[in-house]
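**Student:** Spelled out, the chains give:
Number of protein chains: 4
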Amino acid sequence: MIITMKKSTPQSEIEKLTREFEDKGFSICLIQGTDYNVFGIIGDTTSIDERMLNGNAYVDNVTRIAAPYKKANRLFHPEDTVVDVNGIKIGGQEKIVVIGGPCSVEGEEPLLEIAKGVKEAGGAMLRGGAYKPRTSPYAFQGLGTPGLQYMCKARELYGLPVVSELMSEDKIDEFEEYVDVVQIGARNMQNFSLLKAVGKMTKPVLLKRGLANTIEEWIMSAEYIMAGGNENVIFCERGIRTFEKYTRNTLDLSVIPIIKERTHLPIIIDPSHATGNWKYVESMSLAAIAAGADGLIIEVHNCPEKAWSDGAQSLKVERFQSVIEKGRKIAHVIGRDM
Amino acid sequence: MIITMKKSTPQSEIEKLTREFEDKGFSICLIQGTDYNVFGIIGDTTSIDERMLNGNAYVDNVTRIAAPYKKANRLFHPEDTVVDVNGIKIGGQEKIVVIGGPCSVEGEEPLLEIAKGVKEAGGAMLRGGAYKPRTSPYAFQGLGTPGLQYMCKARELYGLPVVSELMSEDKIDEFEEYVDVVQIGARNMQNFSLLKAVGKMTKPVLLKRGLANTIEEWIMSAEYIMAGGNENVIFCERGIRTFEKYTRNTLDLSVIPIIKERTHLPIIIDPSHATGNWKYVESMSLAAIAAGADGLIIEVHNCPEKAWSDGAQSLKVERFQSVIEKGRKIAHVIGRDM
Amino acid sequence: MIITMKKSTPQSEIEKLTREFEDKGFSICLIQGTDYNVFGIIGDTTSIDERMLNGNAYVDNVTRIAAPYKKANRLFHPEDTVVDVNGIKIGGQEKIVVIGGPCSVEGEEPLLEIAKGVKEAGGAMLRGGAYKPRTSPYAFQGLGTPGLQYMCKARELYGLPVVSELMSEDKIDEFEEYVDVVQIGARNMQNFSLLKAVGKMTKPVLLKRGLANTIEEWIMSAEYIMAGGNENVIFCERGIRTFEKYTRNTLDLSVIPIIKERTHLPIIIDPSHATGNWKYVESMSLAAIAAGADGLIIEVHNCPEKAWSDGAQSLKVERFQSVIEKGRKIAHVIGRDM
Amino acid sequence: MIITMKKSTPQSEIEKLTREFEDKGFSICLIQGTDYNVFGIIGDTTSIDERMLNGNAYVDNVTRIAAPYKKANRLFHPEDTVVDVNGIKIGGQEKIVVIGGPCSVEGEEPLLEIAKGVKEAGGAMLRGGAYKPRTSPYAFQGLGTPGLQYMCKARELYGLPVVSELMSEDKIDEFEEYVDVVQIGARNMQNFSLLKAVGKMTKPVLLKRGLANTIEEWIMSAEYIMAGGNENVIFCERGIRTFEKYTRNTLDLSVIPIIKERTHLPIIIDPSHATGNWKYVESMSLAAIAAGADGLIIEVHNCPEKAWSDGAQSLKVERFQSVIEKGRKIAHVIGRDM
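Chains as they are written, first to last, in my numbering: chain A, 52 to 389; chain B, 52 to 389; chain C, 52 to 389; chain D, 52 to 389.
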């Protein structure tokens with residue numbers, strides 16, 4: 052960590068700060084620059100809060116050199132983490148995993164029909180929301196517990212592990228019982244109470260990137276879950292918020308090489324929420340595979356124009372199958388299977 | 052609501068859609084444009100989900116004409132809402148309210164010392180976090196219940212109502228008991244489970260704008276709380292996330308006239324989190340008052356360089372007092388008191 | 052175009068506005084909504100300025116239905132435009148074109164060495180800046196005319212058409228003489244004087260997307276060039292500015308299907324400027340090809356650590372060759388060559 | 052400047068880099084950290100290009116400690132610069148200057164009428180565009196030279212110095228002849244050819260902030276002009292581009308204290324372009340004055356609903372006068388006049 056202090060800082064203040072850090076077990080290296088005094092703080096600085104240092108009126112700037120995350124950091128864990136979901140493996144050089152399903156579970160029959168399509172098309176897991184984060188209180192909020200039970204029924208019939216979004220700590224027992232992967236949605240990426248609670252769960256966590264969160268903040272949210280004891284975290288990019296209006300969000304595929312460079316955890320891509328438009332899902336799916344993603348999560352609906360939420364971005368089953376077939380060929384080119 | 056359909060849409064599809072809306076009680080007006088067919092849907096469209104309509108492959112675009120919020124909408128509630136917090140009034144043409152206090156409660160003694168300073172400087176309420184949303188799991192997470200109890204002690208001694216952030220539904224009883232205003236933080240602005248829970252509380256809610264949320268989404272989050280039965284919502288702008296690096300966030304003061312135009316609810320400004328730098332707090336506070344804000348919430352600390360969080364943006368008591376004194380003069384110019 | 056007027060608008064005002072549009076040859080359709088009056092304006096609305104209509108105090112909102120561009124619009128020109136650069140074709144189902152070369156031309160010898168490498172690796176064209184847009188006036192500003200002449204020398208020796216950035220109208224004659232493709236940089240995307248001047252040139256134009264420009268604004272800038280008479284415009288995405296700090300910019304690959312849907316012009320991707328980091332160039336290049344890009348423009352340097360600008364994002368020749376080899380395999384999977 | 056190198060960097064590489072900097076006259080200080088080697092480079096680093104250093108594969112990160120600007124830097128020029136425009140002074144503790152006028156000059160008569168209104172209301176200078184940067188090539192592009200001549204006529208009649216936007220180097224002679232302040236628009240803030248040309252002019256320059264430019268980039272653009280010899284630069288904030296849709300741009304008033312802290316140049320605010328809506332202009336004007344702005348530039352039109360551009364954001368003269376009257380009272384509170 053580098054601390055820049057104003058040239059006018061009194062010597063006594065410099066000595067005081069130096070002593071404080073030394074007392075905490077850090078080594079200090081002072082550089083007397085032209086217009087500033089610069090300190091290097093040597094040691095494990097993850098516990099130092101840079102905004103606290105900025106409270107000192109003589110401090111001009113604080114720059115962190117080492118990453119603020121440890122458990123997620125590839126520097127200390129060089130080999131890839133492979134997450135196991137009922138035998139389906141995500142990460143490393145494993146098969147690229149495709150998760151398909153509706154935005155919301157709308158009933159038993161339609162869900163089973165979609166699940167059948169997902170299975171036949173080559174999907175590996177089933178997604179479906181039983182609790183839905185909706186901008187409007189007047190919009191459909193999800194079926195709740197019955198929605199999760201229909202997901203279990205679909206798993207039973209088609210052998211697809213199920214993924215669903217957890218929105219509240221008080222549903223944790225239910226999610227432990229029913230789902231195979233617990234999704235934390237973009238809007239809850241920094242709901243730290245929920246992250247801590249999920250850190251105690253036994254199920255793998257699909258951690259979506261927040262609307263406007265940096266990659267570093269995203270890794271820090273994974274660190275919360277891992278620090279709680281649950282090391283099975285799967286990152287999921289779903290687009291970030293920008294000024295652009297032709298897409299719902301801006302899909303940031305550069306996260307793929309970055310997450311793989313900085314962490315050892317798997318990363319999958321959600322082209323449906325990212326673009327908000329089914330017409331762009333295929334090309335973004337193929338791009339994600341070419342860039343090295345460990346999986347895709349795609350909205351599939353048998354009748355998008357009747358979907359209760361996000362029909363605009365759902366693929367029909369035939370198109371979902373076509374994405375998988377084309378994607379598989381690209382996977383082979385880069386030395387993976389799908 | 053305006054629906055634009057492709058020129059190539061078959062007549063049967065147009066008729067089907069028309070019938071569907073008419074069956075739900077809406078009136079339809081069709082415009083045959085040069086390159087598109089455009090429908091106007093007339094009636095209360097708040098319950099229509101535009102993303103569902105976009106699932107129809109013939110639909111090119113859906114535009115909402117009427118705002119998607121009702122209870123917060125000034126159109127249906129022209130007079131200002133004034134929120135009463137233990138006799139202190141926020142909103143309308145009432146006195147501008149200044150809330151001061153530390154980012155985190157760090158102990159009984161330091162809190163009482165700060166509270167005394169806030170009171171003497173002319174502050175009307177006390178802020179202080181007992182549960183802290185921190186990006187890092189290794190950073191100080193707040194004192195919890197004792198923190199709230201110290202706040203109550205301060206209220207008792209200095210007569211300042213207290214504001215503190217609620218991060219989790221399972222603390223709701225505690226907050227009902229201890230605090231006077233429940234703060235929902237920026238990172239939880241779209242934690243819809245929490246919003247619903249807070250909608251059942253009897254205490255007023257200070258609703259911070261999310262890092263990257265539009266004003267419309269922010270009003271919709273207030274609508275969640277109001278739809279739950281709690282109509283005492285106070286908006287709080289605390290800066291949005293942009294590309295700029297010299298400030299922690301970008302303070303968007305234009306929300307003041309916009310919130311007042313579109314809703315009947317009060318709005319206050321947090322210049323501390325917005326700028327992240329105590330040096331800019333005074334000028335942004337004065338600007339907020341001049342622009343018509345109903346209040347300010349400012350971080351105050353007796354020893355910012357020792358603050359356990361966000362020392363960088365905290366004012367010492369003397370400077371806090373100076374902000375209030377200058378602010379009061381501006382308040383008088385625009386016909387209010389402070 | 053849809054105009055929403057306040058319910059309180061006097062009848063006389065509605066009639067006046069209606070008459071004005073009818074006098075200009077438009078048809079009008081009025082929808083009397085619950086809380087608003089909504090007009091549809093039917094006809095070619097590209098010449099109507101919506102911000103002028105907003106000047107009317109009774110107007111609540113103006114929404115454009117038809118796109119504001121004509122010449123670039125695929126609706127009126129369904130077949131793909133293929134741009135011919137000295138026999139190399141860009142667009143349609145033609146071979147994917149790879150452009151390589153240094154950020155800045157640094158001298159004759161180093162340029163020729165890089166050009167040789169680009170040619171041998173399979174590059175189709177050579178890039179190199181002779182005039183450089185630099186944030187700092189104290190940074191290297193480019194070699195100017197000699198830089199362009201070295202580019203010509205390289206073309207002569209290796210048969211690679213050359214691309215270079217034009218920053219000022221007064222260099223247009225020079226660019227007509229020396230270069231094969233005129234690049235308009237991100238910072239000049241809305242330098243309308245320059246766009247108009249380039250619209251009179253005979254050389255194809257590579258139009259980079261601005262730092263924070265919407266896709267619609269980008270297409271409008273192409274429309275400027277085309278309206279001037281030069282229809283050979285190639286779009287180039289180079290990342291947009293967001294809050295993310297781990298990359299220089301955020302590469303928005305969703306522009307590929309969008310530009311192809313809305314326009315008939317070719318689009319290429321610049322992964323070097325987008326990520327700002329050579330380590331991410333390969334994965335983003337492969338992603339761009341998989342998503343359907345018509346080409347890539349990649350920074351190549353024989354000694355990136357000595358590059359006078361942007362060494363951080365330049366590939367060495369061997370790695371550039373590896374990108375082309377892997378990319379070609381992906382191109383084959385999606386039915387193209389490279 | 053701080054350079055962080057990977058722990059694995061060979062000793063020979065560290066020595067080579069050290070020698071290179073020492074040969075250029077810098078002092079070096081090396082910190083051997085836990086996971087990195089960190090260098091401090093001591094001396095005037097404005098000429099070092101950090102992106103060049105990043106080209107070295109062993110370099111992990113480069114952080115600039117000292118600001119990259121010199122002439123604009125308050126560190127080296129502590130007293131305020133006051134720009135003199137035909138006797139009207141901008142900056143320091145001088146009277147706050149209000150510039151009013153139409154977005155575009157639309158003809159002699161309407162301009163003179165507006166100028167009369169601006170003068171009578173208490174405006175100090177007249178704005179008006181003769182060359183207009185328009186997103187669409189089909190929109191009104193400005194009257195050109197006659198527009199400037201009408202501005203001169205207005206100056207003659209009402210004694211108001213005139214401000215107009217320069218879009219192209221080839222109009223520089225015309226602007227030297229006709230205008231009193233040369234405006235560089237947001238879209239040309241990084242048109243470096245134009246900045247260099249303006250650096251040779253004798254007239255003061257109003258430098259608008261770019262749509263998505265950081266404050267540092269903005270100061271660097273001022274540095275371009277100053278490095279060319281023209282030290283009379285006035286910053287003008289006009290809102291930045293964000294995700295928010297209820298305003299045209301997001302007005303960033305925190306630039307006022309920041310520009311004053313880091314530079315010695317004056318700063319004025321454009322609330323009209325920032326908000327895009329005349330209804331928000333008054334409150335943002337008052338906020339800007341309270342925050343310490345040296346001036347305002349406001350769009351004024353005698354008939355906004357007939358304005359050829361940006362009627363939506365123009366004030367009628369009476370309202371402009373009301374802004375000045377209220378603003379003056381706030382100016383008095385903070386110890387200035389207006």
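One thing to keep in mind: the hints can contain errors.
No copy is singled out in the list; a pair is fine if it fits within one copy or between any two copies.
[Stated by the list, open to error] List of simulated lysine-lysine pairs, DSS-like, C-alpha gap at most 30 Å: (1) K222 with K67; (2) K377 with K146; (3) K222 with K380; (4) K380 with K367; (5) K357 with K67; (6) K122 with K67.
Hints are computed from structural coordinates only; laboratory data are not their basis. These numbers come from a predicted model, not from an experiment.
**Student:** Each hint: holds or not?
**Tutor:** Results for each hint:
In this assembly of identical chains, the alpha carbons of K222 and K67 never lie at most 30 Å apart, being 50 Å within a copy and 40 Å across copies at closest. In the homo-oligomer, the alpha carbons of K377 and K146 lie at most 30 Å apart both inside one protomer (15 Å) and across protomers (19 Å), since each shortest distance falls under that limit. For the homomeric pair K222 and K380, neither the shortest alpha-carbon distance inside one copy (40 Å) nor that between copies (47 Å) is at most 30 Å. For the identical chains of this complex, K380 and K367 are neighbours both inside a copy (21 Å) and across copies (28 Å), given an alpha-carbon limit of 30 Å.
With identical chains, the CA atoms of K357 and K67 are at most 30 Å apart between copies only, with a shortest distance of 13 Å across copies and 67 Å within one. Taking CA atoms no more than 30 Å apart as the test, K122 paired with K67 passes in neither setting, with 33 Å inside one copy and 35 Å between copies.
Hints 1, 3, 6 from the earlier list are contradicted by this structure; the remaining hints agree with it.
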